[in-house]
Every structure is written in structure tokens, then in C-alpha cells.
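K.L.:
Sequence:
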Amino acid sequence: MRATGHASEVLASLLNSCITILNVNVLEVPLGKEVFGIASSVLALVRDTLIDDEHAVRMLEYCFNACEVLKGVLQGKKPGDLNKSEKVAIENLERVMRGVEHTLRSGAVSMTPTSYNKEKVESYMRSMRQILSTLHESRLSLVKDNSTVEPTATTACSDLRRRRFTVQELPSMIDTIFSSNKESGSIFCLPVSRTQTFIDELDEALHAPDLLSGIQKKCLKLLYRTCGHHALLPSTLEAPVCFDRASNALYRGGYADVWKGKFCAQDVAVKVIRTYSNDDLLKITKRFCKEVVMWRFLQHPNILPLIGTSMSENRFAMVSEWMPNGNINQFTKAHPEVNRPTLLAGVAKGLIYLHGNGIVHGDLKGANILIDEIGQARLADFGLITIVSDPTNATSSSSYAHGGTIRWMSPELIDPDHSEFERSRPTKSSDCYALGMVIYETISGNLPFHEYTDLIVSLKVVRGERPRREANFEESLWKMLKLCWASKPNDRPSVDDVLRGLETVSGSREPPAREGLLLRQAIATFARQRMFLLFILILPPIAVYYLTLYSPIYPRG
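UniProt numbering numbers the first residue of the sequence shown as 1 and each following residue consecutively.
I should point out that these hints are in silico values taken from the structure, not numbers from a laboratory.
Hints may be right or wrong, so weigh each one.
To be verified - Taking lysine to aspartate or glutamate pairs in the EDC-like style, the calculated list, with each CA pair at most 20 Å apart, reads:
hint: 1; residue 1: Lys482; residue 2: Asp497
hint: 2; residue 1: Lys482; residue 2: Glu503
hint: 3; residue 1: Lys460; residue 2: Glu475
hint: 4; residue 1: Lys479; residue 2: Asp454
hint: 5; residue 1: Lys488; residue 2: Glu465
hint: 6; residue 1: Lys460; residue 2: Glu470
hint: 7; residue 1: Lys221; residue 2: Glu201
hint: 8; residue 1: Lys218; residue 2: Glu204
hint: 9; residue 1: Lys479; residue 2: Asp491
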């Protein structure tokens, strides 16, 4: 059981040791007094005032950022120019930062007091923000005055923050930031008051029309890490959507609930992530921000587009386009004539695109494959498991506690010990296994192992059993599914191989014209709307004909 206590007590204990460390040598180097002042101010506050968790965490981040700035200044010098005091100062700063980081990660700050002096806390917070801002300005002056200092990750971040770059200069700046593991942490040395501005400016730079794809990936990586660290998102992702949360959700999944809403007079799907406790709210927020940033820049015909997000104090919602045809299972039941291998080929293409961008879906199943207005498959809910569960403990029950998901899970995810894995984590190979199950449910119309409960399914999968073949499976398709379901991940085919198999089974390398589905839908709509009119037009002539034949009033011939 982890140690817990009032946030004030935890902070006081930590900062006592921090100040002892900082007092040795750090005061003798440039900006050392400012950093020492921040730590001392926080300690003075928490000694006489109870403080809530949110402010405690923010103050720890202030201390971390201050130490990071000073460390960046010292490391900006050439190794031969560092004196003994400065070398010791770097070591001491790293000790402080490790202590702060450990406290943040361990969740030791976990008890919110019933009352505290909010005005005093916020006053101290404003003062520390000003000190941090001054600290950054002083660092910039030191770097500018020292002409022998080579460009570092810290100075590159400053230029990015201040928009001191052109699109042509951006590649070298991003390379500088990621050139050294020691310096890459400098991306978190942002003044809190300017973090949102920096994120927005980097987001704007990512949309530059003449930005090369390689540089765009590096910029996206920087944005991804910054948003995740600070639990913030680009302002352009804000989507104030209207929906009636008091009404019943249209769909309730294992991790989220879906409502239909309106955004800019457009029908949208609002997926609200379900959170059960506030204990890990900060972790969930950070993971949510990282996954949303990554999704925002995914563009592919078989990927569900993201419109934006709606975040409140304890609600995380993703806003996407409304898919009128439902998921792939609902669509194939409503349109039994559809070419299912062709539809599934679109699923494989979307998965290939995700894997090409270093993204594992992790929860691929029919319910997470939506069909747009032209009958095209679009993958959804990739990364959702990462948001709601701890990625370092993917074997927890949350990975499959909700009915259905386990039927698509590969054996190494269900029981990593049995599969000789240290821990389970979704991979490209586990996605390929799940794709095989999606093909099975789409072609057969049944869930995998539909005749068994989830518990029985997990036992069967670990023992190497797989769904039974049904009559509507061609031999070549069934052989491909058996390869996808191999017990060892390395024995499974690539998704590219699966795509080629699906295209062969569908009888065409290219999907049929989209106009075909649209035409069928248009004809069906026309027939329904005009049925009564046709009935009225046809009935009178038929009635007159029979009257002429059988009525004595109208002689035949």
C-alpha cells in the first residue's frame, strides 16, 4: 500500500530535503538563488497552510521546471568550462528532480484536506509564476551574452516559444531538441503561463503547407510529448458540442458512452470516456491529451476523423463525425448483398495506415468499425484502452473486464505467463489476430465463440482452440484466418498479407464503385416514398378493366 497523507505534509518533507541539496553549491552558480527562492517559498507556504492536491502537484511541477531551467543553463556550457561547483550543482539538481518526479509518479499526494486558505495559495502561485517567468528571461540573457555557448535544446525551445523561426529553420531546431537524451527534457522547461501559447504555436507550425513530412513527424512528436506532460491541448481542438447527457446514451461500450450531438449544425458523435475515480484523473488527462493529439493528425479514408474535444473538470469527450450506417455488423445485416471481403479490405487498409504511423489499435472488433454514408469502413476507438488503463500494467482486468472484448484478444494478451511474455501489451501481431476475428464475425454474422461465455472463451483461447469453421467460408479465406490466429505472434502474417488475401477473395483489386451503393440506397428510398403514388396510378385502370369484363352494365365485345 502506498504512503498517503496531506499534500502539505508530503510537500514539506520533500522540499526540506530539496533545500538541503540546493543549498550545497547551487547558490554559487548563475540563477541558483532564484531556484532556491522558489523552493523556499513553497516550503514556507506549506508549513502554515493546508493545500489541495491540484495546487500541490502544480507547485511540484514549478520546482521541477525551475531546476530544469538551471540545469539547462549549466549544460549549455562546454564540458571543459564547467567548474567543480557547477558540476556538483548539476548532480544535485538531478537529485532534486528525481525526488520530485518520484513523488508525482507514486501518487503520494492523494488526500485532499477539508479546508485550506485558497486565496493565500493562489497568491503564492501567482508569485511563483512571475519568478519562473523572470528565471526564463534571465536564462535567455545568460545564453545570449555567452557567445561560446552552442545551441542547445533549451535555446531551441525558447525560439519555438517566441516564434523565432521560419519553416526552413524548423528542421534544425527540432533536431537540436531531440539530439541528446539529457537535453530532450528541456521541452518541459516552459513557463506555465506560456505553455498554452507554445502548444498553439507549434500546432500552427504543423499545418504549414510547405512542411516536409519528416519534419512534420518530429514536430508532432514534440507536440505529443508537450501536451501529455502539461495535460493541455491545442485551442483549435476545442469543440463546444451540444448534446443531452441527461438522456440515455445511444451506445454504452466498455470504456465510454456515446451520444448524438450537434456541432456547427452538423450531426456528431460525442464519446464520453467513463471515469470511476478521481485518484488517477491527472494521469488519465495526460494520456487523453496525447492520444487526441495523435488522432487529430491521422488522415485516411478508412480512419474515423476527429473533429475536436470537449473537456471539463471530470469529463473527457471526443467529438467525431456521425456515421449514419452504424458499425460493420449493423451495416451487413441491413445490406446482406454487400461485398464483405471488399468491406474488410478497407479495415485492413486502415490498420496498415495506423501501423505505418507507429500506432497499435489495441481494441479492434466489429463494434469499433463504423460505416460512413458511402459504405466505407472507418476504424474508431484506437488508443482508447491506453487512455483508460495503465499502459505499464496492461494485464489488469480493465483490459477485458467488459463483455465482448476478450473474444478478439490474442492468447499472449489474455495470459502473458502462459505465452512466455513478461507482460501483455497490444502489438501489431495482436492487432492481426483481432483482424482475423473481425473477418470471422463479419463473414459469419456471429461473434467469435458466440456459443460460450467470456470466461470459457479465455480458457479455450489460451489452450489453442479457435472458432469453428462455418459453411460460408471459402477454403483460402479459412486458411488465412488460421494463420492470423497462430498462438505465437511471430507466426502470424502481416496485415499487408491479409489485405492481399481479402482482395483475392473479393474478386477484385479495387473496391466496387461507390456510386453503386449510393444508387441502391437512392432506389430503395425512391421506392418507399413513391409506393403509395404508384399504387394510386395503377389501381384505377385495373379496376376499369375488371368492371368491363364482369359487370352486366358494361357488355363485353
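K.L.:
Are the hints correct? Go through all of them and say.
P.N.:
Now for the hints, and whether the structure bears them out:
{"no.": "1", "hint": "Lys482 - Asp497", "verdict": "holds (13 Å)"}
{"no.": "2", "hint": "Lys482 - Glu503", "verdict": "holds (17 Å)"}
{"no.": "3", "hint": "Lys460 - Glu475", "verdict": "violated (23 Å)"}
{"no.": "4", "hint": "Lys479 - Asp454", "verdict": "violated (25 Å)"}
{"no.": "5", "hint": "Lys488 - Glu465", "verdict": "holds (13 Å)"}
{"no.": "6", "hint": "Lys460 - Glu470", "verdict": "holds (18 Å)"}
{"no.": "7", "hint": "Lys221 - Glu201", "verdict": "holds (15 Å)"}
{"no.": "8", "hint": "Lys218 - Glu204", "verdict": "holds (14 Å)"}
{"no.": "9", "hint": "Lys479 - Asp491", "verdict": "holds (13 Å)"}
Of the numbered hints given earlier, the model fails hints 3, 4; all others are met.
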